[in-house]
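**Q** Next come the chains, spelled out residue by residue.
2 protein chains.
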Amino acid sequence: MKTYKIGLLGLGTVGGGTVNILQNTLNEIERRLGHTIEISIIAVRDLNRARPVDTTGIQMTENPEDVVNHPDVDIVVELMGGTGLAKELVSQAIRNGKHVVTANKAMIAEFGNELFALADENNVIVNYEAAVAGGIPIIKALREGLAANKIEWLAGIINGTGNYILTEMEEPDADFDKVLKVAQELGYAEADPTFDVEGIDAAHKLTILASIAFGIELQFNKTYTEGISRITAEDIHFADQFGYKIKHLGIANRTENGFSLRVHPSLVKKDVLIANVNGVMNAVMVKGDHVGPTMYYGPGAGAGPTASAVVADIIDVIRAQSMTVEDRIPGLGFKADQLAQAPVESIDEIHSAYYLRCFAKDNAGVLAQITTKLAELEINIEHLHQEPSEENPDDATLVMLTEQVKESKLNQALEALIALEVVDSEIQRIRIADLG
Amino acid sequence: MKTYKIGLLGLGTVGGGTVNILQNTLNEIERRLGHTIEISIIAVRDLNRARPVDTTGIQMTENPEDVVNHPDVDIVVELMGGTGLAKELVSQAIRNGKHVVTANKAMIAEFGNELFALADENNVIVNYEAAVAGGIPIIKALREGLAANKIEWLAGIINGTGNYILTEMEEPDADFDKVLKVAQELGYAEADPTFDVEGIDAAHKLTILASIAFGIELQFNKTYTEGISRITAEDIHFADQFGYKIKHLGIANRTENGFSLRVHPSLVKKDVLIANVNGVMNAVMVKGDHVGPTMYYGPGAGAGPTASAVVADIIDVIRAQSMTVEDRIPGLGFKADQLAQAPVESIDEIHSAYYLRCFAKDNAGVLAQITTKLAELEINIEHLHQEPSEENPDDATLVMLTEQVKESKLNQALEALIALEVVDSEIQRIRIADLG
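Chains as they are written, first to last, in the working numbering: chain A, 1 to 436; chain B, 437 to 872.
Derived by calculation from the structure, the hints in this document are not laboratory data. As the structure is a prediction and not an experimental result, all values here were calculated from the model. Please note: incorrect hints may appear among the correct ones.
[To be verified] The calculated PhoX-like cross-link candidates involving lysine-lysine, where the alpha carbons are at most 20 Å apart (straight line), are:
1. Lys809(B) <-> Lys842(B)
2. Lys373(A) <-> Lys222(A)
3. Lys373(A) <-> Lys335(A)
4. Lys706(B) <-> Lys270(A)
5. Lys373(A) <-> Lys409(A)
6. Lys706(B) <-> Lys269(A)
7. Lys809(B) <-> Lys771(B)
8. Lys438(B) <-> Lys335(A)
9. Lys809(B) <-> Lys797(B)
10. Lys2(A) <-> Lys771(B)
11. Lys586(B) <-> Lys771(B)
12. Lys373(A) <-> Lys361(A)
13. Lys335(A) <-> Lys150(A)
14. Lys270(A) <-> Lys842(B)
15. Lys842(B) <-> Lys658(B)
Chain A on its own, in the form it takes in the complex (with noise of 0.2 Å):
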């Protein structure tokens, strides 16, 4: 049995979570591993700040050099966050030899091909579980639980703060603006909610899942992001009656040429599992050529979930040391000069079906003209559904299911409608998801 030393950089939420696992469930984890782990330096921004976790024992550092330079440190977890001071310092830890746990899904996301590709040079580990859905060790199923397989798409809830706003708009008047107020309330969404309502976390984390189920370089600034914050409660409803849910998925497909990588609001059928994932849950499929589709469920965030991944990991990296450096799992679970070359596309290219919302004028002869002029432009309407619009009794409220088209030429047939002196300028417009 021996003991391995780890050095923590930051003892905020997840950090504290992580404190707290090590401390009461060594037991288990010794059970589990015949070693044992040991905090032995962690370093905060403020030493005199209360602390939610006993730190009697550990050296408490406001330096964050003394961790990652510290000789008896064998595995260094970065839970401070940012994509600055955070790589900077897991550089200086990879170049010291020491291993590497790290939540911080914009470093891996933004950072990540030259991180792995030092850590390459000084053999050394990287794992980041907990950067992607918390608690859900989808990395892990990814990396090796589907090594088998090649993947074919991906598609998960992987921001909680989002799911639980789209899920409260399914409550009678419950707009965007109202629900978001309560997240706040709660704590599940921050003052500035751009972060999460708009995509970016969850663009973050679909860049690492797409990198290893396809096995391509992490691309971030190729991912495509939409948020949530102009979904309407009435698009919920008409979804509903469609036979949908809203979800804000984040989706990695193949695609003709490569690759397509997106978040974006859509419509998932009811009957699909990941339809019935509610509030600040997450959840992941993936469509492996032999597996078929699977899916992976649990919390996204938190001290407990988040810190469980962490720990995982750190046990992970104790097995692995003795490996030869050829046989660990490569940072993106494809050896690095595999990596495939494939363009990631334009969201211009993506096939898909779309609903469509929009205000008409209401006369006769006014859906005739709508939807000839979609004929004209070869889109197939699946459903379409007319009622009397609420604000303006001189309008009607259209909503349209069409069926797969290429997305440029959904975007012309658009123009074409606003063109049209009977349609109201603005046409909601969301992708529908195709999970079968």
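Given chain A's structure and the hints, the job is docking chain B onto it.
**A** Just chain B now, with coordinates in the frame of chain A:
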């Protein structure tokens, strides 16, 4: 890049799927692994039988000892099933210093303790991801992904045949016998369906899941097993009215003095995600003390899904070969000398809420007699529904949901009810699963 050589015992459905993956997805696997995998030899029962896969270049034999004794074989993959010859051959392979990958749930559940001990003596790995829930990497999730948690309980739909039958029984006019016949025609159920329908297959899988969740020896003979053949369309209908689905669950949880392992039909609240797992699909919920509730979903059987798990195990074995023996993941996820000795308790010891359905005389005062008797025995009724019996106009059908009570106490109460002259001697009793 090294070449690892596989010897296959059996070339049925899963064997064929395994060959298919190693022929058609090998490039993707090499991109991940940095090594290649070759099938050297396959033992089959009858060399003259037509095969759905191309075995050109592979040595074929009717003598399985050729496989386990083959000097070039690194990993023996056992896909023949059964607990007699399979166990002998696997033991011989282990003694020959070969790693083993198996999909054989019966062999692991009944003889795993012995096989893992033998593997430890011989410094080889025995992997068995495919033995539980087909393509879902649930063994990996429990042994590794959730390794930072003390597992509180798990509950799974781990037999696709049973879940298909219960799902179809939700349709109008679909009783058990009728649906079983359809399942047999579709190939979802065997001609003799006992193994699936009476829960034996699920009990094998639950035994394995419980051992790796809690760190206890495999104790198949202590697993309580109750099938679904006594569930009627009426039960499914009443459960629905009360907001529940009926699922055949394998449940393992900690009790006051030990553990409870049981497979039985269970009422599950509709808003719990696993209640929405339909058809032949499998899913396992796992509750860890830090991570909270998680769920793993996918196909539980079939060539592709099961072979996906088999090949993932092969990849893991190849990676783990260079590790020191003490750092490898132990067979049951916990070090052999750390397995807990607490007992698996009898089903009488569990605490559960219950669904009860019985016929009673439709007289004034009958309800009072029954409820008084239950109150005397401290069984609290949470919901009660009474309706005239369709079969006999003098009878009423009575459905009750009780609060949590110890099973032995409930059994006393049932005896007391049957002793009442007004109650028919057959009382349907289904446990209500508490998956909150």
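**Q** State for each hint whether it applies.
**A** Hints, one by one, checked against the model:
no.	hint	verdict
1	Lys809(B) <-> Lys842(B)	17 Å, holds
2	Lys373(A) <-> Lys222(A)	33 Å, violated
3	Lys373(A) <-> Lys335(A)	50 Å, violated
4	Lys706(B) <-> Lys270(A)	14 Å, holds
5	Lys373(A) <-> Lys409(A)	13 Å, holds
6	Lys706(B) <-> Lys269(A)	17 Å, holds
7	Lys809(B) <-> Lys771(B)	50 Å, violated
8	Lys438(B) <-> Lys335(A)	14 Å, holds
9	Lys809(B) <-> Lys797(B)	16 Å, holds
10	Lys2(A) <-> Lys771(B)	14 Å, holds
11	Lys586(B) <-> Lys771(B)	15 Å, holds
12	Lys373(A) <-> Lys361(A)	16 Å, holds
13	Lys335(A) <-> Lys150(A)	15 Å, holds
14	Lys270(A) <-> Lys842(B)	38 Å, violated
15	Lys842(B) <-> Lys658(B)	19 Å, holds
The structure is inconsistent with the numbered hints 2, 3, 7, 14, although it conforms to all the rest.
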